[in-house]
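Chains as they are written, first to last, in this note's numbering: chain A, 67 to 295; chain B, 67 to 295.
No lab work stands behind these hints: they were computed from the structure.
Each hint should be verified, as a subset may be incorrect.
Which copy is meant is left open, so a pair is good if it fits within one copy or across any two.
With a Cα cut of at most 27 Å, we get these calculated DSSO-like pairs of lysine-lysine [stated by the list, open to error]:
#1 K285 to K155
#2 K223 to K80
#3 K285 to K118
#4 K164 to K275
#5 K243 to K155
#6 K223 to K118
#7 K164 to K69
#8 K223 to K155
#9 K110 to K285
#10 K289 to K206
#11 K69 to K243
These are the residues of each chain, in order.
Number of protein chains: 2
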Amino acid sequence: MLKLCLNRIASSSKYDSIQPRLCQCATGHPGRHDEFPFLRDLFKTNPSVANKIRRDSVMTTGAAWKSADAGPNRILRWVMLLSDSQLLKFGINMQQLKPQVIAKLRDKASTYDDCMGVARKLTWLTYQMDNAPNISPETKAYLESFGMQFSTSQTTKCLVCRDRLSFESFSRAQRGKAEIETGHSNPRLHNSDNVGFIHRECNIAQGAKTLDEFYGWIKTILKRVETDV
Amino acid sequence: MLKLCLNRIASSSKYDSIQPRLCQCATGHPGRHDEFPFLRDLFKTNPSVANKIRRDSVMTTGAAWKSADAGPNRILRWVMLLSDSQLLKFGINMQQLKPQVIAKLRDKASTYDDCMGVARKLTWLTYQMDNAPNISPETKAYLESFGMQFSTSQTTKCLVCRDRLSFESFSRAQRGKAEIETGHSNPRLHNSDNVGFIHRECNIAQGAKTLDEFYGWIKTILKRVETDV
């Protein structure tokens with residue numbers, strides 16, 4: 067594994083006192099400190115995809131509507147590891163939120179390190195989609211140093227339906243919603259082992275179930291349909 | 067089939083000129099005219115269930131949020147059969163709605179007769195759930211006259227997963243949402259052949275697919291999962 071610089075990156079975020087943002091470049095790197103050096107190429111060629119990877123890695127999902135009890139729209143995942151009383155000091159009153167909003171925010175909490183691992187994993191998966199842009203030798207070497215192998219026979223598949231994913235899915239939309247989303251084998255764990263890309267319709271069907279629960283569930287449905295005619 | 071009274075029921079709805087509400091009692095019935103005589107018992111014992119059956123039968127689903135482009139919250143299904151210019155006279159400007167909202171409203175359009183058929187079907191299904199209240203001889207005879215048979219060996223099942231449904235599901239909720247919903251084998255057809263009760267999670271998983279499409283889809287998923295290890 068690469069030895070990282072981990073220099074503190076200047077930020078105006080009020081959450082810096084909890085967890086500073088850290089440079090993820092290799093120690094002794096030239097140039098500016100950078101939290102997402104592995105996304106540098108993608109920020110140039112496909113900024114909306116790079117933004118999506120960064121956002122989904124470090125931020126919780128947002129509230130579906132705007133109101134006092136809906137909760138913050140999106141929030142840094144590690145902030146959601148704080149206790150209710152610590153959050154109150156930051157102006158977030160968890161006790162006024164609906165139980166289902168609290169569950170949603172707390173389920174998606176994760177450490178800064180796990181978030182960085184997720185960002186690397188999603189970047190690796192993105193470059194292995196059909197029709198993905200070419201990866202630069204620097205980014206490839208960086209991700210390989212974290213144990214992520216690249217092979218031409220490998221394609222990124224939807225975590226749920228296991229169908230091949232194409233890079234164009236990021237920009238394709240149905241009824242105003244992007245065709246693929248970031249999802250989790252276990253929806254309550256945000257780390258690199260557990261994260262991947264999922265078709266929106268597959269993600270919706272999976273719901274709050276783990277992948278194993280989902281497969282077991284649809285197996286049961288098909289069994290019942292077969293015997294119940 | 068029962069010969070119906072079909073007397074016009076007085077109403078203050080502005081949509082009465084399109085389609086008056088009609089008495090669904092047998093011809094020559096005693097007492098008041100009634101559009102939902104088969105729901106009379108349920109309105110006494112379980113008014114929220116009776117209300118749900120009436121509402122889901124005749125009204126479209128509602129907008130998820132309130133704004134000009136979200137469209138009317140719920141609207142009579144037969145009103146959605148009118149043309150855009152006819153709707154404009156009623157103050158509904160379809161052209162200012164988002165395409166996905168228009169699709170949702172238009173998909174759910176259906177005739178008054180089909181809506182009445184759906185209401186009878188849902189009532190029949192409700193009385194055949196596990197732990198349902200007893201059906202009165204009058205209501206039973208009424209529904210039987212429309213060809214709906216009652217048998218003690220029969221139980222209402224979720225249209226999607228085919229698991230037995232219990233009457234208590236109407237009042238059970240998960241994360242603030244009722245456990246079962248009214249759904250359709252083909253989500254774009256609202257008539258008695260095509261309607262039934264569906265677990266909320268099954269309804270979400272089905273999405274815009276027909277039942278056949280849904281079963282085909284999950285079969286494909288399981289096949290891919292088996293071969294892709």
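Now for the hints, and whether the structure bears them out:
1. K285 to K155: neither (47 Å within a copy, 50 Å between copies)
2. K223 to K80: neither (38 Å within a copy, 53 Å between copies)
3. K285 to K118: Classified as neither; 33 Å inside a copy, 31 Å across copies.
4. K164 to K275: Classified as within; 21 Å inside a copy, 31 Å across copies.
5. K243 to K155: neither (35 Å within a copy, 32 Å between copies)
6. K223 to K118: Answer is within: at 18 Å inside a copy they meet the 27 Å cutoff, but 41 Å across does not.
7. K164 to K69: neither (43 Å within a copy, 50 Å between copies)
8. K223 to K155: neither (42 Å within a copy, 50 Å between copies)
9. K110 to K285: The answer is neither: 44 Å in one copy and 40 Å across copies each exceed 27 Å.
10. K289 to K206: neither (45 Å within a copy, 33 Å between copies)
11. K69 to K243: So K69 and K243 fail the 27 Å test inside a copy (39 Å) and across (49 Å) alike.
Comparing the model with each earlier hint shows violations of hints 1, 2, 3, 5, 7, 8, 9, 10, 11; every other hint is respected.
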